[in-house]
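> We have chain F already, so just place chain C on it with the hints.
Protein chains in written order, with my numbering: chain F, 1 to 213; chain C, 1 to 213.
No lab work stands behind these hints: they were computed from the structure.
Among these hints, one or two may not hold up.
Where chains are identical, the list cannot tell them apart; a pair therefore holds if satisfied intra-copy or between any two copies.
To be verified - Cut-off 20 Å, straight-line C-alpha distance, at most; resulting in silico cross-link-like pairs (PhoX-like, lysine-lysine): (1) 80 <-> 28; (2) 206 <-> 33; (3) 206 <-> 23; (4) 51 <-> 28; (5) 33 <-> 23; (6) 38 <-> 198; (7) 206 <-> 42; (8) 27 <-> 72; (9) 198 <-> 51; (10) 38 <-> 206; (11) 51 <-> 206.
Keep in mind it's a predicted model, so treat the numbers as computed, not measured.
Protein chains: 2
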Amino acid sequence: MSEKSPLVAAMSEEELDARHAEKMRKKKAARDKILATKTQEKGLVIVHTGKGKGKSTAAFGLVFRALGNGMKVGIVQFVKGKWETGERAALERFPGEVTITAMGDGFTWETQDRQRDIAAARQAWERAKAMISDEEHDMVILDELNIVLRYDYLAVEEVVDFLREHKPEMKHVVITGRNAKEELIDFADLVTEMEMVKHPFRSGIKAQRGIEF
Amino acid sequence: MSEKSPLVAAMSEEELDARHAEKMRKKKAARDKILATKTQEKGLVIVHTGKGKGKSTAAFGLVFRALGNGMKVGIVQFVKGKWETGERAALERFPGEVTITAMGDGFTWETQDRQRDIAAARQAWERAKAMISDEEHDMVILDELNIVLRYDYLAVEEVVDFLREHKPEMKHVVITGRNAKEELIDFADLVTEMEMVKHPFRSGIKAQRGIEF
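Pulled out of the complex, with its shape left as it was, chain F reads as follows:
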């Protein structure tokens, strides 16, 4: 919280306006200077992790931003049962521009079958590898891949090695899920941690249409 200093509190509106204009001039100059050094374009490896909400939702937002830019997007869901209703219906407005494929049989605590989960993870990863290395997709979303890596259904080294060796220069890959492994964080270009500050589940509110699904 920014407390006003006594000096600022005593200023007239005109003084505040002049002070503001000067501050903003400096801010813009500093910003322009930094931006001038940013000239490189490349496909990014992006990770959304942390215990808070918004990891998959922000990936879903990136999907639509990319689609709006005429880019083609591939999505592999490593946990089935997500992105089912609202997401799929919204994606249907972009026929031929987005490919979505889901792994296996739902959350791992629903199946309770490790061997089936491992087989499903491998199968989804094969689909992911094809999308990462093809020339068709500009962006690939690997939703909840981190959960699969965390359970060691797939080795993080295998994923990082594949990205390093086979991801085309300009392709963006977005990986979501809590507990991202260090090796993946080290390799990624952009990592955001979503932290839970306050969650309505605490107060008895259930998952709702339009918010969670």
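Just chain C now, with coordinates in the frame of chain F:
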């Protein structure tokens, strides 16, 4: 990083499978028990804050999830110049289902004119109030409202009071921007802080189509 204990490392595949099934059974039971207590539905006040990326992008993801569920969405951008190209093109696939309106003249360090910024903020807030209180929209996004509150162009008390008194019970309101004020965090149902772990700007990579805009 989960290090394997020597005990787990020595287990056979069969033992690992059995151990996994037992753990997952317990996890599912605990989850189901918690979910059973979550019965309430209500419109949420959601805040995305923090210095990391994904605040507006996750709000944008919520827009499409809601649209995919047949809900109507209103968007007020308190900072113009965002959500311009990719976002607008994607939203055009949902004619009549989403209303988008932008305030004023761009980032405050671009205008360098405090009085104009204040007038634009007030005007945008009037649009926001209409969308928050109407019966048409199921979800309202107030993108970068936090920046306006931070500069005190609009009093946080006014915003919180309006939400408390005029937001219909089932309407969702999503507020984005770094430096969310305490009063807003206290009032909100769901608050996520996006933390920057790693950012490609550091290494000379510029803002790119499909990622930043």
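> Evaluate each hint against the coordinates.
Hint-by-hint comparison with the structure:
1. In this assembly of identical chains, residue 80 and residue 28 lie within 20 Å of each other by CA distance solely across copies; the values are 16 Å between and 46 Å within a copy.
2. In this assembly of identical chains, the alpha carbons of residue 206 and residue 33 lie at most 20 Å apart only when taken from different copies (13 Å versus 47 Å within one copy).
3. With identical chains, the CA atoms of residue 206 and residue 23 are never at most 20 Å apart, being 45 Å at best within one copy and 25 Å at best between copies.
4. Taking the shortest Cα distances, residue 51 and residue 28 sit within 20 Å of each other only across copies (18 Å), while inside one copy they are farther apart (35 Å).
5. For the homomeric pair residue 33 and residue 23, the shortest alpha-carbon distance inside one copy (15 Å) is at most 20 Å, but the shortest distance between copies (54 Å) is not.
6. In this homomeric assembly, residue 38 and residue 198 come within 20 Å of each other (Cα to Cα) only across copies, at 16 Å, whereas the closest approach inside a single copy is 36 Å.
7. Taking CA atoms no more than 20 Å apart as the test, residue 206 paired with residue 42 passes between copies only; the shortest distance there is 9 Å, against 41 Å inside one copy.
8. With identical chains, the CA atoms of residue 27 and residue 72 are never at most 20 Å apart, being 36 Å at best within one copy and 37 Å at best between copies.
9. When the C-alpha separation of residue 198 and residue 51 is checked against a cutoff of 20 Å, the pair qualifies both within a copy, at 11 Å, and between copies, at 17 Å.
10. In the homo-oligomer, the alpha carbons of residue 38 and residue 206 lie at most 20 Å apart only across protomers (5 Å), although the nearest pairing inside one protomer, at 44 Å, exceeds that limit.
11. When the C-alpha separation of residue 51 and residue 206 is checked against a cutoff of 20 Å, the pair qualifies only within one copy, where the shortest distance is 18 Å, while the shortest distance between copies is 29 Å.
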